[in-house]
Structures are given as C-alpha cells and as structure tokens.
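Enquirer: So you can see what is in the structure, the chains are spelled out below.
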Amino acid sequence: MTASRLAVFLIAAAWLGWSAVPAHAYTVYVSNEKGNSLTVIDSETLQVLTTIPVGQRPRGIMLSKDDKTVLICASDSNTVQVLDVGTRQIVAELPSGPDPELLNIHPSGSPIYVANEDDNLLTVIDLNTKEVLAEVEVGVEPEGVGVSPDGKTVVVTSETTNMAHFIDTETYEITDNVLVGTRPRFAEFTADGEQLWVSSEVAGTVSVIDAKTRKIIKVIDFEVPGVQQIYIQPVGVRVSKDGTKAFVALGPANRVAVIDAKTFEVEDYLLVGKRVWQLAFTPDQKFLFATNGNSNDVSVIDVDRQKVTKSIPTGTAPWGVTVSRQ
Amino acid sequence: MAFHVPAGISGTQRQTWRSLLIAGFLGFCVSGTLPAVAVEDGPKAAADEPTLVPIGYLKQDVEELIPLSRLNVKPQDLGIAGAEIALKDNNTTGKFTGQKFTLDIERVPVGGDAVAALQKLVASGHQFVLVDAPADVLLRLSDSVKGQDVVLFNVSAPEVRLRQENCRANILHTAPDLAMLADALAQYLVWKKWQRWLVAKGDSPEDKEYLEAIRRSAKRFGATIVEERPYEVTPGARRSDTGQQLIQLQMPVFTQGAPDYDVLIVADRRGIFGPYLPFRTWDPRPVAGTAGLEAMSWHPAHEQWGATQMQNRFQRFAHRFMLPLDHQAWIAVRAVGEAASRTQSGDYAPINAYIRGDKFDLAAFKGQKVTFRKWDGQLRQPIIIAGPELPVSTSPQTGFLHEHEEVDTLGIDAPESKCKLQ
Numbered sequence: 001m002t003a004s005r006l007a008v009f010l011i012a013a014a015w016l017g018w019s020a021v022p023a024h025a026y027t028v029y030v031s032n033e034k035g036n037s038l039t040v041i042d043s044e045t046l047q048v049l050t051t052i053p054v055g056q057r058p059r060g061i062m063l064s065k066d067d068k069t070v071l072i073c074a075s076d077s078n079t080v081q082v083l084d085v086g087t088r089q090i091v092a093e094l095p096s097g098p099d100p101e102l103l104n105i106h107p108s109g110s111p112i113y114v115a116n117e118d119d120n121l122l123t124v125i126d127l128n129t130k131e132v133l134a135e136v137e138v139g140v141e142p143e144g145v146g147v148s149p150d151g152k153t154v155v156v157t158s159e160t161t162n163m164a165h166f167i168d169t170e171t172y173e174i175t176d177n178v179l180v181g182t183r184p185r186f187a188e189f190t191a192d193g194e195q196l197w198v199s200s201e202v203a204g205t206v207s208v209i210d211a212k213t214r215k216i217i218k219v220i221d222f223e224v225p226g227v228q229q230i231y232i233q234p235v236g237v238r239v240s241k242d243g244t245k246a247f248v249a250l251g252p253a254n255r256v257a258v259i260d261a262k263t264f265e266v267e268d269y270l271l272v273g274k275r276v277w278q279l280a281f282t283p284d285q286k287f288l289f290a291t292n293g294n295s296n297d298v299s300v301i302d303v304d305r306q307k308v309t310k311s312i313p314t315g316t317a318p319w320g321v322t323v324s325r326q
Numbered sequence: 327m328a329f330h331v332p333a334g335i336s337g338t339q340r341q342t343w344r345s346l347l348i349a350g351f352l353g354f355c356v357s358g359t360l361p362a363v364a365v366e367d368g369p370k371a372a373a374d375e376p377t378l379v380p381i382g383y384l385k386q387d388v389e390e391l392i393p394l395s396r397l398n399v400k401p402q403d404l405g406i407a408g409a410e411i412a413l414k415d416n417n418t419t420g421k422f423t424g425q426k427f428t429l430d431i432e433r434v435p436v437g438g439d440a441v442a443a444l445q446k447l448v449a450s451g452h453q454f455v456l457v458d459a460p461a462d463v464l465l466r467l468s469d470s471v472k473g474q475d476v477v478l479f480n481v482s483a484p485e486v487r488l489r490q491e492n493c494r495a496n497i498l499h500t501a502p503d504l505a506m507l508a509d510a511l512a513q514y515l516v517w518k519k520w521q522r523w524l525v526a527k528g529d530s531p532e533d534k535e536y537l538e539a540i541r542r543s544a545k546r547f548g549a550t551i552v553e554e555r556p557y558e559v560t561p562g563a564r565r566s567d568t569g570q571q572l573i574q575l576q577m578p579v580f581t582q583g584a585p586d587y588d589v590l591i592v593a594d595r596r597g598i599f600g601p602y603l604p605f606r607t608w609d610p611r612p613v614a615g616t617a618g619l620e621a622m623s624w625h626p627a628h629e630q631w632g633a634t635q636m637q638n639r640f641q642r643f644a645h646r647f648m649l650p651l652d653h654q655a656w657i658a659v660r661a662v663g664e665a666a667s668r669t670q671s672g673d674y675a676p677i678n679a680y681i682r683g684d685k686f687d688l689a690a691f692k693g694q695k696v697t698f699r700k701w702d703g704q705l706r707q708p709i710i711i712a713g714p715e716l717p718v719s720t721s722p723q724t725g726f727l728h729e730h731e732e733v734d735t736l737g738i739d740a741p742e743s744k745c746k747l748q
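Sequence order for the protein chains is A and B. Under this note's numbering, think of the first position of the first sequence as 1, with each following residue one higher. Under this note's numbering, think of the first position of the second sequence as 327, with each following residue one higher.
I should point out that these hints are in silico values taken from the structure, not numbers from a laboratory. Mixed in with the good hints, there may be bad ones.
[Said to hold, decoys possible] Derived SDA-like pairs (lysine to any residue); straight-line CA-CA distance at most 25 Å:
id : chain 1 : residue 1 : chain 2 : residue 2
1  : A       : K274      : B       : F726
2  : B       : K518      : A       : S295
3  : B       : K426      : A       : D118
4  : A       : K34       : B       : Q641
5  : A       : K34       : B       : L716
6  : A       : K274      : B       : E732
7  : A       : K274      : B       : Q723
8  : B       : K414      : A       : E173
9  : A       : K274      : B       : A627
10 : B       : K414      : A       : A134
11 : A       : K218      : A       : D260
12 : B       : K685      : A       : D210
13 : B       : K527      : B       : V552
14 : A       : K215      : B       : T377
15 : A       : K34       : B       : A712
16 : A       : K68       : A       : T45
17 : B       : K414      : A       : D118
18 : A       : K34       : B       : P717
19 : A       : K65       : A       : D126
20 : B       : K426      : A       : E173
21 : A       : K274      : B       : G725
22 : A       : K274      : B       : E629
23 : A       : K274      : A       : T309
24 : A       : K34       : B       : P626
25 : A       : K215      : B       : P376
26 : A       : K215      : B       : T418
27 : B       : K700      : A       : D221
Computed from a predicted structure; not experimentally measured.
If we strip away everything but chain B, and leave its shape as in the complex, we get (with noise of 0.2 Å):
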C-alpha cells in the first residue's frame, strides 16, 4: 500500500510547507564557510506566495535542407524540450526553496520579427531569454536589449565571431563554439595518432568558419592539413531512386589520389555531402568532422557521470532521445535555477552576479563542473566525441595540460580571446 507525502505543500499544509521554507532557509543561514548565499536580503522564501522567476524562449525559424538521413530530421520541439524538462528540475527544488520558475516561448517564423518577439518577452517581465537562432539574428537581439537588465542565453549558434570580436557582455553561450568543437576532435585525433588530415571542405560561409577552426586546432595539437579538397556541390533533391548508386562511385573518385594521410576530415556543415562519405573513400579511412566521428556537448547514447538519469527523465517527458541543443538549453534554464536557489532571490541583478561570479557551478553530467568563462561568457565545458551510435571520448584528452584547468584547452583561452565585454 503506496502512498505519496508531497512533503507538506498543499493548501490545508499552508502553515507547515511555511515553517518548512523557515527551517530550510535557516538550514544554510550560517557562518562564512558556506556556499555564497544572499543571506543578508533575509528570509524572502517565507513569503506567502513562492518567488516568480520567469524564463523566456525565443526560437528563430529558419529555413533549412532536409537531412540527408531521415534519422536526423529535427525534432519541432528541438531545444525546447530540453528546456521544459530543466524547468521541472527548478521547480521541484522550487517547492523547498519556495520558488516558481515558468518558462515563455515566442516562436518566430522565417521572415519574422525576431526583435519584436524579444521585446514582447522582455515587457512582460522576463530578463532570463533563451535564444536558439542564427548568429545575425542573435546580434540583434542583443543589441536590442543593451544597456537593460536582461541576459541572453545562445543556446545554438557556434559561430567563433560570437565569442571574440562579435561578443557581447549581454550574451552567456551554453553552446560550444566551433572552436572547441574542432579543438575537442583534434586532441582526441592527435591522442590516437591521426595527425596527417585530408580536408573535403564545402564552400558555404559556415563551413569556411569551420575550417578556420579545424586549421587553427591543427596548428595548435600538431596535426597537418595534407591537402584541403574542395566539395563542389549543387544541392539537390534528398533522395532519387537511383541516388545510391551513383553516390557509391562519385565518393570514391572524389577521395582518390590523396597524398598519406590518417583521418579525412568533412567541413560541410549543412550536411550536404559529409554523410556520404563514411564507408566510401578511396583509400580505407575513417571519417571524422561534420560527419563520422563529430564533437558535441551531447549525445543521446551518453551515459557516463550520472548522464543515464538526465536521459531517462528526458526521455520519458519528451518521447524522444536528447540532442545536443537540448541539453544546451537544459543548462541555461538550469543555471537560471541553479542561480536562484543559491541566492534565495529571484531578482535579475543577483541571479546574473551569481551565474557570472565565482561561486557558480553546475552539475552537467560531463564528470566536472561547468562554469562560464569570464572572458567570453562561453560555458565551459567538456566535449563527447561520438560516433552515430555511441560517444567515443570526451575531451579534453589526457595529457593536455593547461595551467589552471585542463577543458580551457578547448576553445579560445584568455591570453588569446580578442572579446572586449560590453
């Protein structure tokens, strides 16, 4: 015989869940070995009514290819999901810190008014804004917004520019930057003896900024750039029934007389002819980049660090596995929470010290804290390195040393980060 104990919180407990806040406000209201806590606002979470922190989601539509493989298509939920399910992890904390954290989606079409949809969010109270939309786009809206109490979560783009000479103090970036991306894939590459790259790069402006990644990663681990081939490609249809055949012999051709190398690595960002190559080049060689073996923050068959929980719980709630941008947005929301927990405050100015200050970490299922690098407001964290059935590795790799700590060896560093915050 089951029952539940919702641990004192509904109406005619009114009194009890009060005296509980008390309790468990004063619970950590101690001396200067604590965690960093606003004590000195008082007890706010012993008001009547839980504390509001509202969240906003702001998701650009955009146009977009099929995927190659229909395994890829996107989710429409992609991103939001993640951040649903953080919103439920807040607000079961929120039940003891007395805290209610909602989460508002503005879904802009292709062609709209992506600003305008900021600044409905923004008028109705919400100051914590994910953002999953192209890097432009996230420039405007960030400079819509300077000089205001609101933060911006990039939950997608990667774009470098973004982080460096692009960056904005009004932007914290939960998704890695090709840089690390690219530096992840190199350590582990170079860790496992496949230094000699060939490149089969395609000649959109994304895939060129990828390539600037992979060759400044190759520069930095000791790889060498063999040859840099270039892609030429109309995209077309999909599929045609005959699509197979053809791309059997094309791929091998495209490969052929390569000098030595290890690794043949894909630049083709938007899918285009990357997937096609795996299984089908000239020489026998594995495939690494934007196809085969590929660096992300998350993969839905990653289990290390308490990662299996995160993963059932997500996919329970969203019927679906968990993507990368899902647990990019996981974690703004979650830091957001992370924040208000530890500042008993749901006020912008104390939540966004908090998450930029010393104090803050989060618990990410990557086997380490991750933080936000002062110098960018890029989250720190480590990268999987996956193939499409399972994570192969997670960088950054044994042996690559940094003098305060080892996952600074992904991305750009300080000493070398050209971002002026403001």
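Next up, chain A with everything else stripped away, as it sits in the complex (with noise of 0.2 Å):
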C-alpha cells in the first residue's frame, strides 16, 4: 500500500468510526532485539512516534509502576537501562548482572526481578538505590519473571532445567520447584493470584500452575491446522484481568492462540507476524500488541472482537513490549 492510499484508507477508517481506534490514547514501548532501539507507538494513531537508541540486544522491557520510566533488558551490554519517558532519555543503568533478559517489578513499584541467562541467577535490585539486594541461586538459563499480585512470591522459570523456581520475596529462598515442559520462557501470575501460567517452548505446551498448592492443574497443547506440531513454540502469555481470557504468543507457528482462561480450551488461533514473541494488553484490556520477530512489525489485536487489526512496522527483530497510560 502506498503512503497516499493508506492515508486514504486511515481517514476512510476513522470516518467509519473504525473500532479499532481505542478511547483513550496510550503509549507503547516496542523493543528491538537487533536494532538495538526503542519503537514509540501510539496506541490510538497506531502511528510510530519515534525510536530511541538504546543498549545492545534489548529484549525484556517494563513500565516502572508510576508509569515514568521504561527498564530495559540490554541483554549484551550487560546492563538493564532506565528510559525516562518524559525525556525519552536513558537516565541509569542498572547492576543487572549479566545477560539480563526478562525482568519483573513488585507491586510496591521496587524492587525489580532481573533473569539473567548466562549466570544461573535471579538478580534482585532495588529501583530507589539501584543496589543488588540479592542474587538467588536458579537453575540453567533462568528467563521467564512472574510476581505474584500480593507481592510475596517471585517465580523464574530455568530454560534447560525445566522448572519454575517459586522464591520467597521476603528470606529469597526457594520454597518449591515445580518442573514443567521443556524450555520454559515465560511465567504469567493471574490477576487474582490463584494461577501461575508458563509457557513451555520446546515442549509446545503452557503449564497452568496452582499457586497455592505449587500442583500443575492443566497442561495446555496446542495444535493450529497446517502448521506441524514442532512449529508451536509457545514464548509470551498474558491473562487478561478479569481472568476471562489468555493469550499466548505462538512463536515461528506466527498465530496467536485466544484461550478461554476458565475451561482451558483453546478458542481460536489469530494470524499475526513471522516469529511472534511477546504480548501486552492496553491498560484498558482492549488491545493487545505482539511483537513479530522476523517480520519487524507489531500486530494489534482487538481483543473483544479477536481479531488482528493492523500491523505496525517496527525497528529491526522486535522482541519485548510493554504499555504505559500516558
């Protein structure tokens, strides 16, 4: 599509009142693994505002919990940047360790959880002092960070281990080890606490875990019609709040499955990019971004309509995303 006929089509689309343009306007964060940058998207224009030079290989990226800052997994500068949003300007750097991939926050907004994949290790800073407040001792190649939505308990999945590590947040001891299919990537807390969701990418499964009792209560398969099985490689899942709906991040199966969060059935599978990696809903729950990786765009997925509504173009190899309320 040229530029002049996709203008025609976007003003054609907003006079139609297209439902794809959200009531409130957010900001999305987009990371691109080998453009070593940040893509700036407007979650109402769907329009790229900028993109900020960053540190090498950034891959997992969060919003701080006032909203102010965005962190970011420099994966090969062995460091996890702060992006002020307001400057768009790196501000610090934090200790991270080495190799830090995917990271979470406490709900008090510090600290942060940082999985660092080449030293076996969760690091655990705190975002006020920028001081290492422990390292905890995981298994081989530690990637996926959930924290529980009381703030008590921090899990890391091991990739080559094949477990999710559940950790005290208060002694950082690891009171249970629950093993799970193989190259667990990603751990998703449900919003009321009840669950733990990890997706296991070699193995084409998500676990669904009991919080509680640390007990798997239902492994997920998939299976997307032409797509041979060893294709599904599940990577990001998000629950939606209302605990409805799941979303899980195919990989090089480039769908998307829509899970009903409740029955565990999977209720369809949307086509997105090339080698999809993450998801982040909107603050509001009504869209939902992923990054496709080898296609260098974000698909934009309207959730209560379950389908793909525009797809964005993105720096180089998009990898992490993550949504602010500005």
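Put the two chains together into one complex; each comes in its own frame, and the hints tell you how they fit.
Expert: Have a look at this one:
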C-alpha cells in the first residue's frame, strides 16, 4: 500500500468510526532486539512516534509502576537501562549482572527481579538505591519472571533445567520447584494470584500451576491446522485482568492462541506476523500488542472481537513490548 | 551489597533442603496431564543423599594428519569439554531434584584396548557411556556389552552403516551421520538452485562413504553430478616454505575443463586437498562438501535459538570455542540428565526407556526439540550449513516436506531403513 493510499484508508477508517481506534491514547514501547532501539507507538493513531537508540540487544522491557520510566534488559550490554519516558533519555543503568533477558517488578514499585540467563541467577535490585539486594541461584538459563499480585512470591523459569522456581520475596529462599515442559520461557500470574501460567517453548505447551498448592492443574496443548507440531513454540503469555481470556504467542507458528482461561480450551488462533515473541495489553485491556521478530512489525489485536486489526512496522527484530497509561 | 542464596543446600540447612525436595517433587506429582514422571516409585528424591548417576566417557585416540589450517588443530579436550559442561548443567538441575551426576573419562591411547577400558567403566557402575571412537571400535565396544544394561552414545562416528546394516540396539547416535549431513547440504544447494555439481573426490574409504551419501542426496533432491573427478594425492608435509605458490597453480588446473556446473562438491574427509580449493577453482564457483560450505551439528558462531548462552557458557568454561563434537557430547549427557530429572531416577531401566520413549525431548538450541529416531537410534536434529566464519542456513529447508516431521527429510527415513535393532 502506498503512503497516499494508506492515508486515504486511514481517513476512511476514521470517518467510518473504525472500531480499532481505542478510546484512550496510550504509549506502546517495543524493544528491537537486533535494532538496538525502542519503537514508540501511539495506541490511538497506531503511528510510530519515534525510535529511541538504547543498549545492545534489548529484549525484556517493562514500565515502572509509576509509569515514569521504561526498564530495558539490554542483554549484550549486561545492564538494565532506565529510560525516562518524558525526556526519552536513558537516565540510569542498573547493575543487573550479565545477560539480563526478562524482568519483573514488585507490586510496590521496587525491587525489580532480573533473570540473568548466562549466570543461573535471579538478581534482585532496589530501584531507588540501584543496589543489588540479593542474587538467588536458580536452574540453568533462567528466563521468565513472574511476581504474585500480593508481592510475596517471585517465580523464575529456567530453560535448561525445565523448572518454575518459586522464591519467597522476603527471605529469597526457593520454596518450591515445579518441573514443567521443556524450555520454559515466560511466567505470568493471574490477576487474582490464584494461578501461574508458564509457557514451554520446545515442549509446545503452557502449564497452569495452582499458586497455592504449587501443582500443575492443566497442561494446555496447541494444534494449528496446517502447521507442524514442532513449530508450535509458545513464548509470551497474557491473561486478562478479569480472568476470562488468555493469549499465548506461538513463535514460528505465527499465531496468537486465544484461550478460555476458565475452561483452558483453545478458542482460536489469530494469524499475526512471523516469529511472534511477546504480548502486552493496553491498560484498558481492549487491545493486545504482539511483537513479530522475523517480520519486523507488531500486530494489534482487538481483544473483544478477537481480530488482528493492524500491523505496525518497527525496528529490526522486535521482541519485548510494554504499554504506558499515558 | 550482594549475597548469594544457594537455595538452602548447605549442610546446616539440610532439613530445609529435604523439605524443598519433597515440595519440589509434589509440585509435579499430580494428574494425567503431566509430563511423564514415574510417580508410582514414590519420592525417592527425598532421600538423605542425592541419587548418583555416573556417566562414562570413552575416548579412543587415533593417528590423524595435522590439519592444513592451524585454525583446525583439534583441542585436546574436544568432546570432553562438551560433556563436562553438560554435567554442570545436569548438576545445577540436580540440586533441585536430589540427583548428582558424575563423569569419568577413560582415554585409550592409539593401539590401546578400548574394550578393556569400557569393561572398567561398566564394572565401576557406568551404564551410560559416551564413546568417541572410530566406527569399527564402536562396534566392538557395542558387541562387548551386548545384553547388558549399558547404553552407548556414539558422539563422533558419522558412518551411515552404523545406523543401517551395522546398527545396534545398545547405541544411540548424537553425531549426525553422513547421510544427514549430505542431505542438509543438498537441500540448501537445491534451494539456492545450484543443482549442477562437480565432485572432487579423494580416494580413501571414508571419502567413498561420503561420496555415497552425496550421490544419494543428489538423487533425492534433484541435483545432477556432472562429473566425479578424482584427486590423486600423496599426503605429504602440511607445509613447506613455497607450498602456496605451487597450490595456486595446481588447483585451477585440477578444476579446468569441467562440464558446466554451479558448485564444486569436495569429498575429502581427511582434509588433504579440499581446504585448498575455495577461491582457486578454474571457473569462479563456490565450494561445498568437506570444505568451503559445510554441514555440521554445531558451529562456534551459531547464535540462533538461545545458542548464545550455550556458547558463552562453554567459552567461559573451556576457554575455547564450542565445536560440533562438544555439542554432540553435550546432548548425550543432557539426555541422561533430562531423563533422570523426568523419571526421578538414577537407574538404567527408567532412564533408558524414557530417552527412547515418546515423552522425551531436549532443548538443544536448534529451534526445535531434538529426539531419537526409534528405527535406528539416530538423534533427529536440524543441521547447520556454514562457512568458516558464519552459519549460512539451517536445514531442513522450507519446501522439503515430510508427512510427520520435516527434520526427517534429513538422513535415512523409517521406510528406507535397513536397520534391525538388536
């Protein structure tokens, strides 16, 4: 589509009251793993606002709880960078330890928990003092980090050990180790804190773990018509705040699975770009952004209609995504 | 101010550690939706001492020519370092599962008695043994433990016959065979539309086996061998002060007057003349096969699918690059570790059954799970196509279809297998 045709299309879409336009404008930040940059997108116009150069190989990114900064795992720079969303400048670099990949934040805003893939560690950093509070030894290649809504538990998944390690946030002791499918990559607590969802990339499954008993209550399998089972490689997982729907990025299957989060039945597979990595809701939960690492774009999913409504070009190899309330 | 929390495994925290083990075990001890875990055996992991899983490594040294390029001199610990780092990985997991893995190495000198070395390992309780030895030695080793509870992992021998007429039930192959390697290369060349091949062949028995694989791949994937040109060689000194000038004259002449072709395929597994061919052909053509663009299980610059972590971890540990044999050994030790973790056992029977069963899979930084083919014990894995500095592609290539798994378009598939496992 040429620029002028795109413009006509957008004007027409706006004039028709196209439902893909959210009620409220948020700012979407996408980390470009190979581009060493963040793409900043307006969630209302779905236009790229700017591209910000950051450290090397940015992957996991997350808004701070006050929405004032974006925390960026710059894996090859061996640091977590702090981007001021107002000035769009890097204002600090946190002592994350080597090769940070994904992070998460305590509900109170600090500390942050960073998975150091190269060092079999979970590093705990005070966001205010920027000091390392603890390093917890976990399994081989820690990656996914989930924090329980009550802030009492942090879970890290280790990709080669194939476990979800439950860690007490007061004592930094591992209290439980749950064996899950091969190469667990992402851990997401449900908003009510009852369940932990863990994706296993090589096994091609998602394990739902009861957060109290620490037992697996369901292993979700996927089957996409026309796609060989081996290419179904779940990574990013998001469960809606109301606990009704879950979305799972299936990697090289180029689909996002839509799951009934109550019955664990897969309802649909939405075709997105190539090699879909991570997902993030808008704060009103009306839209979901999905990063497509091999087609250099993000797909915008209308959550209610369960439809992909647009794709937006990004930098090279988009990986992480987070959405600000502003 | 940093401090380490070693997950409660110090002696003073034994009680805590024990309770963690129980909790960890119960964590996956639930209904039928689980990965296969032998739950009926009860919480063995809760025992006071960790379960020991001894792994053996038998390396038969062989007489080899010094490589033409000093970049390719084999490290002394080739393969062994890969097994050692896998051992570390297994033991990191073992902290959480109450298992401890050990690796004991038997290095057999040239002309030494490999069978005696294996018997020594078996007598000291090693039932999982990695073998880095030539094909014929491997077969002797296999026969010497036939009927015993011992599984051998062939980490190095690529001969197709070990997976065909000479296949053995007690051998699992983590080394890809020549058929897989040739098919992987052929798929890439055909995808590239370089379908007319001029073959430069050495005259050793191992070159003939490679050539067989190349001929088979050409036929399978629609390439044409326009000519097979033998290179008459008398292996001499690796270098001489004026050698380069001579070679610069020899190689163009050797490749002169060929029928039209797209790519020169070299069949020279000993590396006697192949490495001289790139950039010296009469016609400007790429070189592939045992020199130039090569098919391999692992490349030191492979960084896809999380491999960066593996490479970093290995380099920190071994102070050198990770080579294919290292990765093949890594997979073998990890296969034992994964099966021990899933079955909660250190015993031969459950581990052997799990590795060969439907539930087994391993994440090996190849973009998809790796598993063992039931019909010949060969590891099913994507193959990297690489030049000296960088990987170029990974096969199977898009478009080469298979009814079950595309990766089974590489190597000897079930319907054509001559292997009768016994």
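Enquirer: For every hint, state whether the structure bears it out.
Expert: Structure-based check of each hint:
no. : hint            : result
1   : A/K274 / B/F726 : 20 Å, holds
2   : B/K518 / A/S295 : 22 Å, holds
3   : B/K426 / A/D118 : 22 Å, holds
4   : A/K34 / B/Q641  : 23 Å, holds
5   : A/K34 / B/L716  : 17 Å, holds
6   : A/K274 / B/E732 : 19 Å, holds
7   : A/K274 / B/Q723 : 17 Å, holds
8   : B/K414 / A/E173 : 22 Å, holds
9   : A/K274 / B/A627 : 24 Å, holds
10  : B/K414 / A/A134 : 23 Å, holds
11  : A/K218 / A/D260 : 13 Å, holds
12  : B/K685 / A/D210 : 23 Å, holds
13  : B/K527 / B/V552 : 13 Å, holds
14  : A/K215 / B/T377 : 23 Å, holds
15  : A/K34 / B/A712  : 21 Å, holds
16  : A/K68 / A/T45   : 22 Å, holds
17  : B/K414 / A/D118 : 13 Å, holds
18  : A/K34 / B/P717  : 17 Å, holds
19  : A/K65 / A/D126  : 13 Å, holds
20  : B/K426 / A/E173 : 21 Å, holds
21  : A/K274 / B/G725 : 17 Å, holds
22  : A/K274 / B/E629 : 19 Å, holds
23  : A/K274 / A/T309 : 16 Å, holds
24  : A/K34 / B/P626  : 20 Å, holds
25  : A/K215 / B/P376 : 23 Å, holds
26  : A/K215 / B/T418 : 22 Å, holds
27  : B/K700 / A/D221 : 24 Å, holds
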